[in-house]
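*Asks:* Letter by letter, the chains look like this.
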Amino acid sequence: MTQEPYVRTEMLSEQPAPSGQTGIVKWMRVNLFSSISNSIISLLTILVVIFALYEFLPWMLQPSWGAESLRECLNDPNITGACWGVINDRFNQLMFGFYPHESQWRPLLAFVLMLVAVAPVLFDKLPRKMVWFSALYPFLGVWLLWGGTIWGPLMVIAGFVIGVVVHKVLSNIVGSLAAIILSVLVTILWWLYGVGSIAGALSGIAPIGIAEVSSSDFGGLMLSITIGVSGIALSLPIGIVLALGRQSDMFVIKLLSVGFIEFIRGVPLITLLFTASVLLNFFLPPGTNFDLVLRVIIMVTIFASAYMAEVIRGGLAALPTGQYEAADALGLDYWQSMQLIIMPQALKISIPGIVGTFIGLFKDTTLVSIIGLLDPVGLIVSIQGTSDWNGIVWELYTFIALMFWVFTFSMSRYSMYLENKLKTSH
Amino acid sequence: MSQTNENAAASSAMDVSDEVAIQITNMNKWYGDFHVLKDINLTVNRGERIVVCGPSGSGKSTLIRCINRLEEHQKGDIIVDGTELSSDLKNIDKIRSEVGMCFQHFNLFPHLTILENCTLAPIWVRKTPKKEAEEIAMHFLEKVKIPEQALKYPGQLSGGQQQRVAIARSLCMKPRIMLFDEPTSALDPEMIAEVLDTMIELAEEGMTMICVTHEMGFARKVANRVIFMDAGQIVEQNEPEAFFNNPQSERTKLFLSQILGH
Ligand SMILES: Nc1ncnc2c1ncn2[C@@H]1O[C@H](COP(=O)(O)OP(=O)(O)OP(=O)(O)O)[C@@H](O)[C@H]1O
Ligand SMILES: [Mg+2]
Numbered sequence: 002m003t004q005e006p007y008v009r010t011e012m013l014s015e016q017p018a019p020s021g022q023t024g025i026v027k028w029m030r031v032n033l034f035s036s037i038s039n040s041i042i043s044l045l046t047i048l049v050v051i052f053a054l055y056e057f058l059p060w061m062l063q064p065s066w067g068a069e070s071l072r073e074c075l076n077d078p079n080i081t082g083a084c085w086g087v088i089n090d091r092f093n094q095l096m097f098g099f100y101p102h103e104s105q106w107r108p109l110l111a112f113v114l115m116l117v118a119v120a121p122v123l124f125d126k127l128p129r130k131m132v133w134f135s136a137l138y139p140f141l142g143v144w145l146l147w148g149g150t151i152w153g154p155l156m157v158i159a160g161f162v163i164g165v166v167v168h169k170v171l172s173n174i175v176g177s178l179a180a181i182i183l184s185v186l187v188t189i190l191w192w193l194y195g196v197g198s199i200a201g202a203l204s205g206i207a208p209i210g211i212a213e214v215s216s217s218d219f220g221g222l223m224l225s226i227t228i229g230v231s232g233i234a235l236s237l238p239i240g241i242v243l244a245l246g247r248q249s250d251m252f253v254i255k256l257l258s259v260g261f262i263e264f265i266r267g268v269p270l271i272t273l274l275f276t277a278s279v280l281l282n283f284f285l286p287p288g289t290n291f292d293l294v295l296r297v298i299i300m301v302t303i304f305a306s307a308y309m310a311e312v313i314r315g316g317l318a319a320l321p322t323g324q325y326e327a328a329d330a331l332g333l334d335y336w337q338s339m340q341l342i343i344m345p346q347a348l349k350i351s352i353p354g355i356v357g358t359f360i361g362l363f364k365d366t367t368l369v370s371i372i373g374l375l376d377p378v379g380l381i382v383s384i385q386g387t388s389d390w391n392g393i394v395w396e397l398y399t400f401i402a403l404m405f406w407v408f409t410f411s412m413s414r415y416s417m418y419l420e421n422k423l424k425t426s427h
Numbered sequence: 084m085s086q087t088n089e090n091a092a093a094s095s096a097m098d099v100s101d102e103v104a105i106q107i108t109n110m111n112k113w114y115g116d117f118h119v120l121k122d123i124n125l126t127v128n129r130g131e132r133i134v135v136c137g138p139s140g141s142g143k144s145t146l147i148r149c150i151n152r153l154e155e156h157q158k159g160d161i162i163v164d165g166t167e168l169s170s171d172l173k174n175i176d177k178i179r180s181e182v183g184m185c186f187q188h189f190n191l192f193p194h195l196t197i198l199e200n201c202t203l204a205p206i207w208v209r210k211t212p213k214k215e216a217e218e219i220a221m222h223f224l225e226k227v228k229i230p231e232q233a234l235k236y237p238g239q240l241s242g243g244q245q246q247r248v249a250i251a252r253s254l255c256m257k258p259r260i261m262l263f264d265e266p267t268s269a270l271d272p273e274m275i276a277e278v279l280d281t282m283i284e285l286a287e288e289g290m291t292m293i294c295v296t297h298e299m300g301f302a303r304k305v306a307n308r309v310i311f312m313d314a315g316q317i318v319e320q321n322e323p324e325a326f327f328n329n330p331q332s333e334r335t336k337l338f339l340s341q342i343l344g345h
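Residue numbers (the numbering used here), protein chains in the order written: chain H, 2 to 427; chain X, 84 to 345.
Do not take every clue at face value.
Calculated cross-link-like contacts (lysine-lysine; reagent style DSSO-like; alpha-carbon spacing at most 30 angstroms) [said to hold, decoys possible]:
1) K235/X with K349/H
2) K235/X with K424/H
3) K130/H with K173/X
4) K121/X with K424/H
5) K336/X with K304/X
6) K210/X with K349/H
7) K121/X with K158/X
8) K257/X with K228/X
9) K173/X with K169/H
10) K364/H with K349/H
Pulled from the structure, derived: some chain H residues nowhere near chain X, Cβ distances all over 10 angstroms [said to hold, decoys possible]:
11) M12
12) P17
13) F57
14) L62
15) D90
16) A327
17) L331
Keep in mind the hints are simulated off the structure, nothing from the lab.
Cβ atoms here follow ideal geometry from the backbone N, Cα and C, with glycine treated the same way.
Given only the sequences and the hints, what does the whole structure look like? Please build it.
*Replies:* Given below as structure tokens:
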């Protein structure tokens with residue numbers, strides 16, 4: 002049988018999909034009840050969730066917000082579960098620790114400005130000029146939190162300017178490598194010996210500043226965020242440098258990187274924190290008063306950057322060698338090819354691991370309670386020690402868990418957003 | 084080399100000058116204990132188009148990768164464009180910016196658009212202003228006939244288009260020498276032609292080219308010289324007509340019968 006020649010004369014218009022092919026019914030059919038075993042698993046899961054909520058919700062939903070002590074909750078026949086009064090009563094402490102009341106606007110402002118500072122880094126649609134604020138923020142943030150004279154941070158910034166100027170002047174006289182080394186040296190000397198005395202002298206002339214707050218007053222969520230954010234911001238660049246060092250052709254650099262990474266990864270964070278709180282004082286010259294929170298930040302950063310380095314190394318290893326070769330063949334030098342070709346791709350591959358490390362670091366900040374810092378977990382013990390709240394446990398843990406979850410969940414959502422945005426192929 | 088056969092006559096526009104572009108003398112290379120390249124001697128004049136062929140593993144890729152120092156040779160000399168390849172990084176970067184290279188698997192940068200792929204090296208290595216670099220890039224993308232893809236990402240292009248972008252990317256550096264390592268062997272038949280056309284056009288403009296390829300039609304059409312390698316050595320080299328019609332060595336005959344035989 003031969004087929005008739007055929008030419009279409011009119012095009013078909015679009016029809017709506019048959020019912021049951023879109024919407025909730027279709028979604029449930031595909032995702033929950035696609036087969037018998039899938040249906041059984043779905044039903045069991047739904048039952049477990051309902052059971053958990055059934056047990057947990059009545060405990061949570063208690064009219065106990067106004068209670069002023071645990072005794073009040075126990076004596077009130079209407080309250081049969083959680084005694085939320087403790088959160089209400091100690092909210093300020095859970096947020097700020099013992100940070101002076103009249104100065105608490107400073108950490109709040111620092112937090113809001115931090116959001117402004119990270120915004121252009123997280124979202125590339127924002128104006129690029131905002132990055133200048135991000136670069137200045139670390140000094141501003143430190144000043145707001147610890148207070149003191151404005152000249153301190155200004156002189157530290159001046160150190161960068163001095164470094165750049167020295168480099169500019171010297172690079173024409175001595176070689177470029179020598180110029181870099183010398184300018185770094187001059188900058189460090191300035192920070193070590195210049196900043197303190199000059200800032201002191203200047204504040205004698207023009208005493209501009211805000212009240213100093215000792216870091217022993219830091220506490221609560223504010224302390225967790227201070228340690229967590231500094232650790233995150235510092236560990237990524239250090240991790241990148243370590244990962245590159247580990248891949249380096251230069252034996253000594255490679256050895257140092259591998260040694261550092263393997264040593265730090267082999268030591269529990271708690272050990273490092275004890276080192277920070279106790280041992281460092283033995284090594285530092287007597288009389289130096291090195292801020293405890295700062296020491297903890299350094300230790301947390303060191304710890305996280307070793308993990309970061311390994312995560313990024315994974316990304317580097319996943320890149321095909323062709324990418325390195327193409328960059329070389331075009332005449333890009335090592336730093337150019339790392340900055341323009343290799344790192345953007347390696348970091349993109351490592352996003353889940355990097356964010357995982359960030360989340361881990363943020364949660365690990367609660368370990369500082371063991372060396373006596375009053376982060377939210379550390380505060381629990383001191384709150385339990387008061388006669389009003391002696392014996393309270395779950396309410397505080399639940400609340401702290403929720404606070405941490407808000408932060409870590411945002412990070413994980415952002416990582417998914419970023420992965421999606423950076424997808425360039427189909 | 085005489086230039087009297089019909090092949091060269093047909094493409095008399097392709098002048099070969101006496102100026103030496105690449106000079107390789109007594110070059111040897113080892114991978115660990117394995118002697119990959121043995122006593123390679125090769126002189127390439129400016130404007131010459133050389134096709135390198137040979138069985139798999141004979142060292143063709145290694146040879147051309149030594150020319151821009153993607154691989155390091157251990158003995159002998161390689162002089163490219165008057166600059167000797169040594170461990171001096173300045174020389175290496177200078178040579179790499181003068182020598183373009185296209186790979187079997189294109190090696191485009193997947194995180195950059197086609198245009199950014201093409202402007203990257205001119206901007207960072209040659210310090211060309213961005214606007215000018217983009218004009219140059221568009222010029223070469225037009226030349227390889229895909230200007231309309233400039234804002235797409237490599238992952239959105241077909242293999243043949245990607246390889247043409249790779250050629251354009253190299254050309255944007257205005258290289259004096261182009262190296263091709265099996266540029267068509269990862270492509271489907273219908274895409275091979277479009278890439279070869281681009282390469283033929285390049286040859287007609289007098290580019291100095293060394294191509295590792297098994298496209299014998301291409302060799303006959305544009306090459307001044309065909310080099311046959313086996314076991315890390317140059318076994319035979321001749322003008323295309325003579326090479327294909329009258330091979331001298333037994334190995335060459337065997338190889339040709341294998342690739343042309345069916
Ligand atoms: N990095 C390396 N380390 C050790 N041996 C290698 C390396 N690269 C290549 N070889 C070996 O060197 C020899 C030559 O390799 P080369 O890639 O130059 O061959 P080729 O002629 O290009 O082959 P093909 O046609 O398959 O591409 C092969 O035997 C290969 O196994
Ligand atoms: Mg090869």
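*Asks:* Now tell me if each hint is right for this structure.
*Replies:* Here is what the structure says about each hint:
For the hint pairing K235/X with K349/H, the CA-to-CA distance comes to about 19 angstroms; that is within 30 angstroms, so the pair holds. With a C-alpha separation of about 12 angstroms, the suggested pair K235/X and K424/H falls inside the 30 angstroms cut-off, and the hint holds. Distance hint between K130/H and K173/X is unfulfilled; the C-alpha atoms sit about 36 angstroms from each other, more than 30 angstroms. Our distance criterion of 30 angstroms between C-alpha atoms is broken by K121/X and K424/H, whose separation comes to about 45 angstroms.
As the CA atoms of K336/X and K304/X are separated by approximately 20 angstroms, the hinted pair is consistent with the 30 angstroms bound. The straight-line distance between the Cα atoms of K210/X and K349/H is roughly 27 angstroms, inside the 30 angstroms bound, and the hint therefore holds. Annotation: proposed proximity of K121/X to K158/X holds, straight-line Cα distance about 10 angstroms (limit 30 angstroms). At roughly 18 angstroms between alpha-carbon atoms, K257/X and K228/X fall within 30 angstroms of each other, so this suggested pair holds.
In summary, the hint linking K173/X to K169/H is supported, as the alpha carbons are separated by about 22 angstroms, within the 30 angstroms threshold. Annotation: proposed proximity of K364/H to K349/H holds, straight-line Cα distance about 23 angstroms (limit 30 angstroms). The claim that M12/H is not at the interface with chain X holds, since no C-beta of that chain comes within 10 angstroms of its own (minimum 26 angstroms). Residue-level check passed: P17/H sits 31 angstroms from the nearest beta carbon of chain X, beyond 10 angstroms.
With 10 angstroms as the threshold on Cβ separation, the claim that F57/H sits away from chain X holds: the shortest Cβ distance comes to roughly 45 angstroms. A cut-off of 10 angstroms between C-beta atoms confirms that L62/H is not in contact with chain X; the least separation is 49 angstroms. Remark: the non-interface label on D90/H is consistent with the geometry, its nearest Cβ contact in chain X lying 52 angstroms away (cut-off 10 angstroms). Not every Cβ of chain X is farther than 10 angstroms from the Cβ of A327/H; the closest lies at roughly 4 angstroms, contradicting the non-interface assignment.
Not every C-beta of chain X lies more than 10 angstroms from that of L331/H, the closest at about 4 angstroms, which undercuts listing it as non-interface.
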